[in-house]
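**Student:** In case you want the letters, here they are:
Protein chains: 2
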Amino acid sequence: MASRSADPKGSSQRNGGGTPSLDAVSLAIIEQLQEDGRRPYAAIGKAVGLSEAAVRQRVQKLLDQGVMQIVAVTDPLTVGFRRQAMVGINVEGDVEAVADALTDMSECEYVVMTAGSFDLMVEIVCEDDDHLLEVINQRIRALPGVRSTESFVYLKLKKQTYMWGTR
Amino acid sequence: MASRSADPKGSSQRNGGGTPSLDAVSLAIIEQLQEDGRRPYAAIGKAVGLSEAAVRQRVQKLLDQGVMQIVAVTDPLTVGFRRQAMVGINVEGDVEAVADALTDMSECEYVVMTAGSFDLMVEIVCEDDDHLLEVINQRIRALPGVRSTESFVYLKLKKQTYMWGTR
DNA sequence: TTCGATACTCACGGATTTCGTAGGTGGCCC
DNA sequence: GGGCCACCTACGAAATCCGTGAGTATCGAA
Numbered sequence: 001m002a003s004r005s006a007d008p009k010g011s012s013q014r015n016g017g018g019t020p021s022l023d024a025v026s027l028a029i030i031e032q033l034q035e036d037g038r039r040p041y042a043a044i045g046k047a048v049g050l051s052e053a054a055v056r057q058r059v060q061k062l063l064d065q066g067v068m069q070i071v072a073v074t075d076p077l078t079v080g081f082r083r084q085a086m087v088g089i090n091v092e093g094d095v096e097a098v099a100d101a102l103t104d105m106s107e108c109e110y111v112v113m114t115a116g117s118f119d120l121m122v123e124i125v126c127e128d129d130d131h132l133l134e135v136i137n138q139r140i141r142a143l144p145g146v147r148s149t150e151s152f153v154y155l156k157l158k159k160q161t162y163m164w165g166t167r
Numbered sequence: 001m002a003s004r005s006a007d008p009k010g011s012s013q014r015n016g017g018g019t020p021s022l023d024a025v026s027l028a029i030i031e032q033l034q035e036d037g038r039r040p041y042a043a044i045g046k047a048v049g050l051s052e053a054a055v056r057q058r059v060q061k062l063l064d065q066g067v068m069q070i071v072a073v074t075d076p077l078t079v080g081f082r083r084q085a086m087v088g089i090n091v092e093g094d095v096e097a098v099a100d101a102l103t104d105m106s107e108c109e110y111v112v113m114t115a116g117s118f119d120l121m122v123e124i125v126c127e128d129d130d131h132l133l134e135v136i137n138q139r140i141r142a143l144p145g146v147r148s149t150e151s152f153v154y155l156k157l158k159k160q161t162y163m164w165g166t167r
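Read top to bottom, the protein sequences are chains D and S. Here the first sequence is numbered in UniProt numbering, starting from 1 and rising by one per residue. Here the second sequence is numbered in UniProt numbering, starting from 1 and rising by one per residue.
Because the hints were derived from the structure by calculation, they are not lab data. One or more of the hints may lead you astray.
No copy labels: a pair is met if it fits in one copy or bridges any two.
[Stated by the list, open to error] In silico lysine-lysine, DSBU-like type, Cα no more than 30 Å apart, as pairs:
hint	residue 1	residue 2
1	K158	K61
2	K46	K158
3	K46	K61
Turn these sequences into a full structure, and let the hints guide you.
**Tutor:** Given below as structure tokens:
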């Protein structure tokens, strides 16, 4: 169960940390699915040099391990969420605790701990200005440990890709 | 062929701007695919109250229109990109021109125009520190119109979802 | 009101894909 | 060597995909 990071064909790169590493073949599979999440296993197999079943098993494992997920993504504006913002947050005390609290909020779509003049950056997706105001002022600022926040309201989303590796 | 944003069952919301609007059914379809991008059309149809063929046609249209894409997403750290950063940028002159230039850079995964103390925010995905440094100092700062930048290096990604609507 | 366009349902059949499973192979450790 | 484990290939059955055509309902414009 411990996911020992096997090394099938010898053609993989060394793995440092605790996260399960990926060999070149899995990378290639992910690339294929980044282009089209519904691409058939057989087509992927042809592209990466594996049988259909092998691809299927690898994909299943990647999904199970949480390394990858196959999902629909949209521009939130198109889907009726008219206000988005990035919020920079400064924390006193336990940053991770604040991050966990933010993670539990459904409006927070993206939570990351950073180095720099903010401790946390959070992307907020809201339906309108009232909603956004409430989330930032009532909920985020109310969290214990939050010292200050700074908001960057989105005017226009110019780019949004998921194509790492395809370059 | 012109795809005029029809209004099938009368149960849709009005559409203001240029972007094609989405009725409740398409929203529901997107939700299904946000949970599992490979869910079969028949299963989606059962969930949203449409036939398999209708779902198929809607999904195809949503993809063609660019409203939605079905892709694999990963935590970049797992895939070998060890340094990520959010970069806030101040611009003098044409903000959109700078944004377009950033959009063309493969390391910029996310580009958004904002209101607040930054004009642009950009998410950068790099392989290591050298790469990150080069992108920020050599390439971004070199763009005409870029007045200043501020970087927030990612320490830990806590949350990353694509579940708008599923709430 | 009538016409035209759009979108849906239902149906069908062939091609393709998915899925479970059985069997083979190579590396690794005792 | 022998056992073990992870990974692969192979194959058949079941399910899904996909193009297609006919008939119906709704809406907006002439």
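**Student:** Does each hint hold? Answer for all of them.
**Tutor:** Each hint tested on the structure:
{"no.": "1", "hint": "K158 <-> K61", "result": "between (33 Å within a copy, 22 Å between copies)"}
{"no.": "2", "hint": "K46 <-> K158", "result": "neither (34 Å within a copy, 35 Å between copies)"}
{"no.": "3", "hint": "K46 <-> K61", "result": "both (19 Å within a copy, 28 Å between copies)"}
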